[in-house]
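Sequences and hints are given; from them, build the entire structure.
Using my numbering, you'd call the opening residue of the sequence shown number 1031 and step up by one each time.
Among the hints, erroneous ones may be present.
[What the hints assert, rightly or not] Here are the simulated DMTMM-like pairs of lysine to aspartate or glutamate, each with C-alpha atoms no more than 20 Å apart in a straight line:
1) Lys1040 - Glu1066
2) Lys1036 - Asp1047
3) Lys1040 - Asp1056
4) Lys1036 - Asp1071
5) Lys1040 - Asp1059
6) Lys1036 - Asp1056
[What the hints assert, rightly or not] Computed beta-carbon distance windows for the label pairs:
7) Pro1075 - Val1154: 32 to 40 Å
8) Asn1035 - Asn1218: 50 to 58 Å
9) Asn1207 - Gly1146: 15 to 23 Å
10) Pro1075 - Tyr1034: 17 to 25 Å
11) Val1154 - Ala1073: 41 to 49 Å
12) Ser1229 - Val1062: 48 to 56 Å
13) Asp1071 - Thr1163: 44 to 52 Å
14) Asn1218 - Val1065: 53 to 61 Å
15) Thr1219 - Val1154: 14 to 22 Å
16) Asn1207 - Leu1064: 55 to 63 Å
By construction, these hints were calculated from the structure, which means they are not laboratory data. None of the values given here were measured: they were computed from a predicted structure. Each residue gets a CB set at the ideal place from its N, CA and C atoms; glycine is no exception.
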Amino acid sequence: MTTYNKNTLKTFFETNDIPTGQNFADFIDSNVNLVETARQDMAGPLYTTELATANVSADDVVAKNRLYALGETYFSGNMTADAPGNTIVGQDFVTTGDVFTTNISLLNGSIVSARGSAQATAAVVSASICRLTGVVDGQTTGFRLVSAAGGRIQYVTNITNVSANLWPAIGQAINGNAANQVFPLAGNTTYTIIHTSTSSYGVK
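Here it is in C-alpha coordinates:
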(Lines of atoms letter the chains of each structure in order from A and count residues from 1; the text may use other names and numbers.)
(Lines give C-alpha, C1' and ligand atoms only; values in the text may rest on other atoms or scores of the structure.)
Protein backbone atom coordinates (compact mmCIF):
# COMPACT_ATOMS: atom_id res chain seq x y z
CA MET A 1 0.00 0.00 0.00
CA THR A 2 1.30 3.46 -0.93
CA THR A 3 -0.39 6.66 0.15
CA TYR A 4 0.07 10.12 -1.37
CA ASN A 5 -1.12 13.64 -0.62
CA LYS A 6 -3.76 15.31 -2.80
CA ASN A 7 -1.31 17.17 -5.02
CA THR A 8 0.54 13.97 -5.96
CA LEU A 9 -2.69 12.05 -6.56
CA LYS A 10 -3.90 14.74 -8.96
CA THR A 11 -0.86 14.17 -11.19
CA PHE A 12 -2.03 10.58 -11.83
CA PHE A 13 -5.34 11.77 -13.26
CA GLU A 14 -4.50 14.77 -15.42
CA THR A 15 -6.00 15.26 -18.89
CA ASN A 16 -4.77 12.60 -21.37
CA ASP A 17 -3.21 10.50 -18.57
CA ILE A 18 -3.88 6.78 -18.57
CA PRO A 19 -4.10 5.85 -14.88
CA THR A 20 -2.96 2.35 -14.00
CA GLY A 21 -4.63 -0.05 -11.63
CA GLN A 22 -1.92 0.83 -9.10
CA ASN A 23 -2.78 4.53 -9.44
CA PHE A 24 -6.39 3.75 -8.55
CA ALA A 25 -5.28 1.51 -5.66
CA ASP A 26 -3.05 4.29 -4.29
CA PHE A 27 -5.91 6.76 -4.64
CA ILE A 28 -8.19 4.49 -2.59
CA ASP A 29 -5.52 3.80 0.04
CA SER A 30 -4.84 7.53 0.44
CA ASN A 31 -8.39 8.29 1.60
CA VAL A 32 -10.44 7.51 4.70
CA ASN A 33 -12.97 4.73 4.14
CA LEU A 34 -16.34 5.03 5.86
CA VAL A 35 -16.85 1.29 6.42
CA GLU A 36 -13.25 0.30 7.19
CA THR A 37 -12.92 -1.26 10.65
CA ALA A 38 -9.12 -1.24 10.81
CA ARG A 39 -7.28 1.76 12.26
CA GLN A 40 -6.88 4.64 9.80
CA ASP A 41 -4.23 7.27 10.54
CA MET A 42 -4.05 10.87 9.37
CA ALA A 43 -0.73 12.69 9.05
CA GLY A 44 -2.24 16.08 9.88
CA PRO A 45 -4.94 17.39 12.23
CA LEU A 46 -8.68 16.98 11.63
CA TYR A 47 -10.77 20.13 12.00
CA THR A 48 -14.54 19.81 12.20
CA THR A 49 -17.40 21.90 13.54
CA GLU A 50 -18.98 18.84 15.16
CA LEU A 51 -17.77 15.37 16.09
CA ALA A 52 -20.33 12.74 17.10
CA THR A 53 -18.86 9.45 18.27
CA ALA A 54 -19.65 6.77 20.83
CA ASN A 55 -16.00 6.34 21.84
CA VAL A 56 -12.88 8.50 21.58
CA SER A 57 -9.44 6.93 21.88
CA ALA A 58 -6.42 9.20 21.49
CA ASP A 59 -2.99 9.99 22.89
CA ASP A 60 -3.73 13.72 22.84
CA VAL A 61 -7.01 15.57 22.40
CA VAL A 62 -6.87 19.34 22.09
CA ALA A 63 -10.05 21.14 23.17
CA LYS A 64 -10.23 24.89 22.55
CA ASN A 65 -13.56 25.27 24.34
CA ARG A 66 -15.68 22.43 25.67
CA LEU A 67 -15.56 18.70 25.00
CA TYR A 68 -18.89 16.86 25.28
CA ALA A 69 -18.95 13.07 25.37
CA LEU A 70 -22.28 11.28 25.03
CA GLY A 71 -20.75 7.86 25.58
CA GLU A 72 -17.51 6.65 27.14
CA THR A 73 -14.37 8.71 26.59
CA TYR A 74 -10.96 7.03 26.76
CA PHE A 75 -7.64 8.87 26.83
CA SER A 76 -4.49 6.77 26.73
CA GLY A 77 -2.44 9.94 27.12
CA ASN A 78 -3.45 13.48 27.94
CA MET A 79 -6.41 15.59 26.95
CA THR A 80 -4.89 19.02 26.49
CA ALA A 81 -6.42 22.47 26.48
CA ASP A 82 -4.22 25.54 26.68
CA ALA A 83 -1.12 23.80 28.06
CA PRO A 84 0.69 20.77 26.55
CA GLY A 85 1.21 17.89 28.93
CA ASN A 86 -1.79 18.68 31.12
CA THR A 87 -5.47 17.99 31.05
CA ILE A 88 -7.12 21.36 31.53
CA VAL A 89 -10.77 22.15 31.19
CA GLY A 90 -11.42 25.89 31.03
CA GLN A 91 -15.11 25.61 31.85
CA ASP A 92 -17.12 22.40 32.23
CA PHE A 93 -16.11 18.86 31.29
CA VAL A 94 -19.36 17.02 30.56
CA THR A 95 -19.77 13.29 29.92
CA THR A 96 -22.68 10.93 30.40
CA GLY A 97 -20.31 7.96 30.28
CA ASP A 98 -16.99 7.19 31.98
CA VAL A 99 -13.70 9.04 31.58
CA PHE A 100 -10.45 7.05 31.73
CA THR A 101 -7.14 8.90 31.59
CA THR A 102 -3.60 8.44 32.85
CA ASN A 103 -3.28 12.10 33.82
CA ILE A 104 -6.07 14.56 34.50
CA SER A 105 -5.97 17.95 36.16
CA LEU A 106 -9.29 19.75 36.34
CA LEU A 107 -8.91 23.48 36.62
CA ASN A 108 -11.28 26.33 36.15
CA GLY A 109 -10.29 29.77 35.02
CA SER A 110 -12.77 31.34 37.45
CA ILE A 111 -11.39 32.39 40.83
CA VAL A 112 -14.26 33.78 42.88
CA SER A 113 -13.45 36.53 45.37
CA ALA A 114 -15.57 36.83 48.50
CA ARG A 115 -18.03 39.69 48.74
CA GLY A 116 -19.90 41.03 51.73
CA SER A 117 -20.98 39.06 54.78
CA ALA A 118 -24.66 38.39 53.98
CA GLN A 119 -26.56 36.17 51.55
CA ALA A 120 -27.89 39.03 49.43
CA THR A 121 -24.47 40.56 48.81
CA ALA A 122 -22.38 37.37 48.61
CA ALA A 123 -20.32 36.50 45.53
CA VAL A 124 -22.06 33.99 43.26
CA VAL A 125 -20.36 30.62 42.72
CA SER A 126 -21.51 29.50 39.27
CA ALA A 127 -18.72 27.41 37.69
CA SER A 128 -18.39 23.67 38.19
CA ILE A 129 -14.91 23.99 39.70
CA CYS A 130 -14.07 27.12 41.69
CA ARG A 131 -11.30 28.43 43.89
CA LEU A 132 -12.63 30.79 46.54
CA THR A 133 -10.41 33.61 47.74
CA GLY A 134 -10.46 37.14 49.11
CA VAL A 135 -11.86 36.13 52.50
CA VAL A 136 -11.23 38.58 55.33
CA ASP A 137 -12.14 37.02 58.68
CA GLY A 138 -15.29 38.61 60.08
CA GLN A 139 -15.56 41.20 57.33
CA THR A 140 -15.67 39.84 53.79
CA THR A 141 -16.76 36.21 53.97
CA GLY A 142 -19.64 35.68 51.57
CA PHE A 143 -20.28 33.21 48.74
CA ARG A 144 -23.65 32.15 47.33
CA LEU A 145 -24.59 29.18 45.13
CA VAL A 146 -26.48 29.51 41.87
CA SER A 147 -30.05 28.21 41.79
CA ALA A 148 -30.07 24.44 42.31
CA ALA A 149 -30.28 22.22 39.23
CA GLY A 150 -31.00 18.62 40.15
CA GLY A 151 -28.06 16.33 39.36
CA ARG A 152 -25.38 18.98 38.91
CA ILE A 153 -22.10 18.65 40.84
CA GLN A 154 -19.75 21.50 41.78
CA TYR A 155 -16.36 21.48 43.47
CA VAL A 156 -15.24 24.49 45.49
CA THR A 157 -12.03 25.09 47.44
CA ASN A 158 -11.62 27.80 50.04
CA ILE A 159 -7.96 28.56 49.30
CA THR A 160 -7.66 31.07 52.12
CA ASN A 161 -6.59 30.08 55.63
CA VAL A 162 -9.69 31.51 57.32
CA SER A 163 -13.28 30.31 57.31
CA ALA A 164 -15.89 31.63 54.88
CA ASN A 165 -19.67 31.47 54.50
CA LEU A 166 -21.55 29.65 51.75
CA TRP A 167 -25.22 30.46 51.29
CA PRO A 168 -27.71 28.62 49.07
CA ALA A 169 -29.55 30.53 46.38
CA ILE A 170 -32.23 32.71 47.94
CA GLY A 171 -35.12 30.59 49.19
CA GLN A 172 -33.20 27.31 48.90
CA ALA A 173 -31.49 25.02 51.43
CA ILE A 174 -28.22 23.18 52.13
CA ASN A 175 -28.06 19.72 53.78
CA GLY A 176 -31.71 19.75 54.80
CA ASN A 177 -31.34 22.88 56.91
CA ALA A 178 -33.80 25.75 56.89
CA ALA A 179 -34.06 27.84 53.75
CA ASN A 180 -31.35 30.49 53.43
CA GLN A 181 -29.28 29.04 56.28
CA VAL A 182 -25.52 29.54 55.85
CA PHE A 183 -23.00 26.69 55.55
CA PRO A 184 -19.53 27.35 57.06
CA LEU A 185 -16.51 26.71 54.82
CA ALA A 186 -13.28 25.87 56.65
CA GLY A 187 -10.06 27.41 55.43
CA ASN A 188 -7.89 25.50 52.92
CA THR A 189 -10.64 22.91 52.36
CA THR A 190 -12.35 21.48 49.29
CA TYR A 191 -16.09 20.72 49.20
CA THR A 192 -18.32 18.74 46.86
CA ILE A 193 -21.70 20.35 46.18
CA ILE A 194 -24.42 18.09 44.84
CA HIS A 195 -27.61 19.72 43.55
CA THR A 196 -30.05 17.20 44.98
CA SER A 197 -33.17 18.89 43.59
CA THR A 198 -34.24 22.17 42.08
CA SER A 199 -34.29 23.79 45.52
CA SER A 200 -31.69 22.01 47.65
CA TYR A 201 -28.04 20.98 47.81
CA GLY A 202 -25.89 18.45 49.62
CA VAL A 203 -22.49 19.83 50.67
CA LYS A 204 -19.69 17.71 52.10
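For which of the previously enumerated hints does the structure constitute a violation, in increasing order of number? Hint 1 is the one this structure does not satisfy, whereas the remaining hints hold.
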